[in-house]
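K.L.:
What follows is each chain in one-letter form.
Number of protein chains: 4
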Amino acid sequence: MRAHVLKLTCPDAVGLLARVTGLIAKAGGNLLDVGQYTDPLAGWFFARLAFVGEGIDEPDGVFLRMFEPEARAMNADWTLRPADQPVRTVVLVSRQDHCLADLLWRWRSRELNIEIAAVISNHGTARELVEREGIPFEELDFSSDKAAACEALGARLRAHGAGLVVLARFMQILPDALCREFAGRIINIHHSFLPAFVGANPYRRAFERGVKLIGATCHYATQDLDEGPIIEQEVARVEHYHEPDDLVRLGRDCERLALARGVRFHVEDRVLVHGSRAIVFRD
Amino acid sequence: MRAHVLKLTCPDAVGLLARVTGLIAKAGGNLLDVGQYTDPLAGWFFARLAFVGEGIDEPDGVFLRMFEPEARAMNADWTLRPADQPVRTVVLVSRQDHCLADLLWRWRSRELNIEIAAVISNHGTARELVEREGIPFEELDFSSDKAAACEALGARLRAHGAGLVVLARFMQILPDALCREFAGRIINIHHSFLPAFVGANPYRRAFERGVKLIGATCHYATQDLDEGPIIEQEVARVEHYHEPDDLVRLGRDCERLALARGVRFHVEDRVLVHGSRAIVFRD
Amino acid sequence: MRAHVLKLTCPDAVGLLARVTGLIAKAGGNLLDVGQYTDPLAGWFFARLAFVGEGIDEPDGVFLRMFEPEARAMNADWTLRPADQPVRTVVLVSRQDHCLADLLWRWRSRELNIEIAAVISNHGTARELVEREGIPFEELDFSSDKAAACEALGARLRAHGAGLVVLARFMQILPDALCREFAGRIINIHHSFLPAFVGANPYRRAFERGVKLIGATCHYATQDLDEGPIIEQEVARVEHYHEPDDLVRLGRDCERLALARGVRFHVEDRVLVHGSRAIVFRD
Amino acid sequence: MRAHVLKLTCPDAVGLLARVTGLIAKAGGNLLDVGQYTDPLAGWFFARLAFVGEGIDEPDGVFLRMFEPEARAMNADWTLRPADQPVRTVVLVSRQDHCLADLLWRWRSRELNIEIAAVISNHGTARELVEREGIPFEELDFSSDKAAACEALGARLRAHGAGLVVLARFMQILPDALCREFAGRIINIHHSFLPAFVGANPYRRAFERGVKLIGATCHYATQDLDEGPIIEQEVARVEHYHEPDDLVRLGRDCERLALARGVRFHVEDRVLVHGSRAIVFRD
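Chains Y, X, U and C supply the protein sequences, listed in that same order. Under my numbering, the first sequence is numbered contiguously, ending at residue 283. Under my numbering, the second sequence is numbered contiguously, ending at residue 566. Under my numbering, the third sequence is numbered contiguously, ending at residue 849. Under my numbering, the fourth sequence is numbered contiguously, ending at residue 1132.
What the hints contain is simulated information worked out from the structure, not anything from laboratory work. In this text, a Cβ means the ideal position worked out from N, Cα and C, and glycines have one as well. Treat the hints with care, as some may be off.
[Claimed, not checked] Examples of chain U residues lying across from chain Y (beta carbon under 10 Å, computed):
#, residue
1, 605
2, 612
3, 673
4, 761
5, 774
6, 775
7, 778
8, 798
9, 803
10, 805
11, 842
12, 843
13, 847
Excised from the complex, chain Y in its bound form (with noise of 0.2 Å):
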């Protein structure tokens, strides 16, 4: 039998959990794993439900045609996905490869439930790194014209049908029109803990702050830069002898950390989002 994850968001009522869980257990579902939240001050209801069965995500099986229905009457947003299907993933990147060559090795030592459909790049820096895993990589040119390089990596998301884009250190800013198209699906890695040090430079403005922690934030991409739904976040102490590039490398590793926790997270359906606050029932 396999595993499935539902995920499930909608007004709340009394009864919600109950009504689903009730179906799962009707199609002969066993559930594995199931977290639940109520945000009382909003109102609003959030569930994951990891359960075994048969023929759960069958279009026409037991289970959706009981589901569907229900679904619509509480006005839920919801995606049912087989646990052990891997999400479909364009890693962006430019000169720093820290994070995509810590992706990568955890994609192909099978931690992270991706396939890679391709890397893209405004350098060329990265291509060895990529093409010896047998990973496609395609250069756009960001620096004469922008415009179309955007428009340009629109096309390849779609034509790689992208169910994931992670912003791995990419550092071309997105047009608005591509992060509503992939609202949702465009994870990126921060370099601070933010909201602190928004914008550039963050690890040379920590230092001279003198901050005693530094940190990287994985959140969702938005049309408001840096302000999208934060997934995880990482921090590590420094000491008054760390220079810049003393941050630099410390936070390396706090950006690799947290960028492979928040898209784990993405992957196994363990986020949901309400306006700005991003639901991880964490593993």
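Place chains X, U and C on chain Y using the hints.
P.N.:
Below, chains X, U and C without anything else, positioned relative to chain Y:
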């Protein structure tokens, strides 16, 4: 409407959560927060459900009349308690008072939902600290006749109707019979990250071993010393220049935090024990 | 023999540490622990030397007669204090007493080498907590005439001979003149990991932003609010189910730890300030 | 001018640091960063001095001609190395390649100042990963004649002139003679926070014990397995829903970080060993 917490554990089967949440919905209860976990190796089901409703815990109320036969059919161990009802607690302490002082502060500021019936000690050291809070302080002499002292201790715990016994650096070993009688209701704080440094003088031994992390472990007390189910652990970094006394100092903060969290998880009915492992639906 | 701590900062040059340690050796002092750091960007030298010896801080003793002209030649700022001499401290507090209670406990258990001359507040809330420790509690009315209250506060600090002023969640802004007069001797605890959430209501704003980490910052107070040199920071993980009140609760532990460590570093002469950055020879 | 690091340890006496820094100053050297520590229980002196200067490590240069007799008089163990000179390193690995992959990435990105002479394994699994970096991969058969394999290993290490041997999850026990020959130059990563779960299968045992923290320990290998001086440790939180495989996954990140930091501290001459304890002047 009053919030209640239902804690439930039983052999796994299809439809358990649906049945329980179905009854809650039938009784007009609305879920606030649900944690569910199935141990796939043990085939065991664990759930914690917080929900609001009317007359939920009335012995002859709508909910319990439906739920009790259902729970029997599931072979379930369960508890149902109003979330705002404090747990009647007795704190045991010896000479070191940092954990006691921390618990007293958290109790006074209503961070911990406990009612401290008494503090019992084998020393008079903490008397003033306790009595000035208006809490009875009881001294038992363990130095001459330990068996008699343990018997007296058991009698005091029963007299106080202790729903929870906290060993806040109590340096006496409790007799097996008492551990059994109060099984699952005695919380101890051990001053190492168990299972490292089981036994006496963990900080001194941590220093000698040259570890770079020390810690503290909050666990249920069982007959097997330092072997009870672990509720919470906390660690702190140490450096080569930290001597045994520094480890004691740094460890105190670990002990206070781990104990406070462990007690909090327990009194909020977030902990379910299965064999040697504690399932903790963290907050 | 008594341990002393020499703290020294000056423009960098060849041979500085050799000169200082040479004089200590000449005076028969034996080093216990030395921290030295040269800021390569600023060209500045920082050192903290702990050593034992006889008559080290006697105004006309062997050591000071050699050291003082040398320090003048180096253009050094320096302090020399017996390590066991407590720092005379005034604590300022408003309604929230968790940081105060923590400091009192660490003072009582001799974990912090301070002598609390008085606790001053703009509210009466903490009176009992303070007076039962035998410490004078002084109330100043900031609600009607704030200028007069600030003047009175300055007078009290002077009268108490405050070597250190701790703002333990004191919710009044100090006037510039007072910040200047006590520069480097006022320690504040801010309830966010600065520079995130500078200003009011950081926990509420952290909740709204949906961060996954909250924190606290211990820093020297300067005229520029929340901009003083950072001594210590602490963070805690938060989850989506933590509401603003939970953030306040989790943050309290961060505040207590960061403040306690910051005060400890200060009173052990481990902090040297240069511009907006604090060099901290941690313990 | 080139930076050098002088590492020195000897019985404690008055004036040691003054003598050493005095000679550095005499030779025109300028200190960058000094760490000094005296173990008061052992009466032992430890120092690490980083400084710039001309001709510092020339055998007949001004500095060494003055310093060598002085060091003899102090009964000091010492090393002096240019800070930018990479340490010649051999990595040993078995089937699991996460630590190896991490070291390779840090080596390639120049985060670790090492020169990898070869990777040696008792399996062929990692061959491609290694050879595509242009590093020799050598396979030794430990399954039939272990004594011969160990002898061959020793010969290879000598042939490579290994200044450092990293056991990056190498699942074979080294013979005592090899541990002695390369004492202080073999770094191992153990997959538990030692001394918890000494021996085999630490993650499985951590799961069974129900700990809330798992970890990894980077230590020097000695004849007594898992007993060598600890350089660095790292921990991660685990929850009840983490099965043994999850612990393995979460532990991998601990292992990679602890090993990378431990190797870094070693190759930057930040570690001095005394008995079973490692003095680490951290970066």
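K.L.:
If a hint holds in the structure, say so; if it doesn't, say that too.
P.N.:
How the hints compare with the structure:
1. The beta carbon of residue 605 (chain U) is positioned within 10 Å of a beta carbon in chain Y (closest approach about 8 Å), and the interface hint is therefore held.
2. The closest approach between the C-beta of residue 612 (chain U) and any C-beta of chain Y is roughly 8 Å, which is under the 10 Å cut-off, so the hint is satisfied.
3. With a least beta-carbon distance of about 24 Å to chain Y, the hint placing residue 673 (chain U) at the interface is violated under the 10 Å criterion.
4. Interface restraint check: residue 761 (chain U) against chain Y, minimum CB-CB distance 5 Å, threshold 10 Å, status holds.
5. The closest approach between the C-beta of residue 774 (chain U) and any C-beta of chain Y is roughly 7 Å, which is under the 10 Å cut-off, so the hint is satisfied.
6. A least Cβ separation of about 6 Å between residue 775 (chain U) and chain Y falls short of the 10 Å threshold, and the interface hint therefore holds.
7. Annotation: residue 778 (chain U) was flagged as interfacial toward chain Y, and the flag holds, the nearest CB pair being 4 Å apart, inside 10 Å.
8. With a least beta-carbon distance of about 6 Å to chain Y, the hint placing residue 798 (chain U) at the interface is held under the 10 Å criterion.
9. Because the smallest distance between the Cβ of residue 803 (chain U) and any Cβ of chain Y comes to about 8 Å, under 10 Å, the interface hint for this residue holds.
10. Of the supplied interface hints, the one on residue 805 (chain U) holds, with its beta-carbon coming within about 7 Å of a beta-carbon of chain Y, less than 10 Å.
11. Interface hint at residue 842 (chain U): satisfied, since its Cβ lies 6 Å from the closest Cβ of chain Y, which is below the 10 Å cut-off.
12. Annotation: interface hint on residue 843 (chain U) holds; nearest CB of chain Y at approximately 3 Å, less than 10 Å.
13. Look at residue 847 (chain U): its Cβ gets to within about 8 Å of chain Y, closer than 10 Å, so that hint holds up.
In summary, the structure is inconsistent with hint 3 from the numbered list given earlier, while agreeing with all the others.
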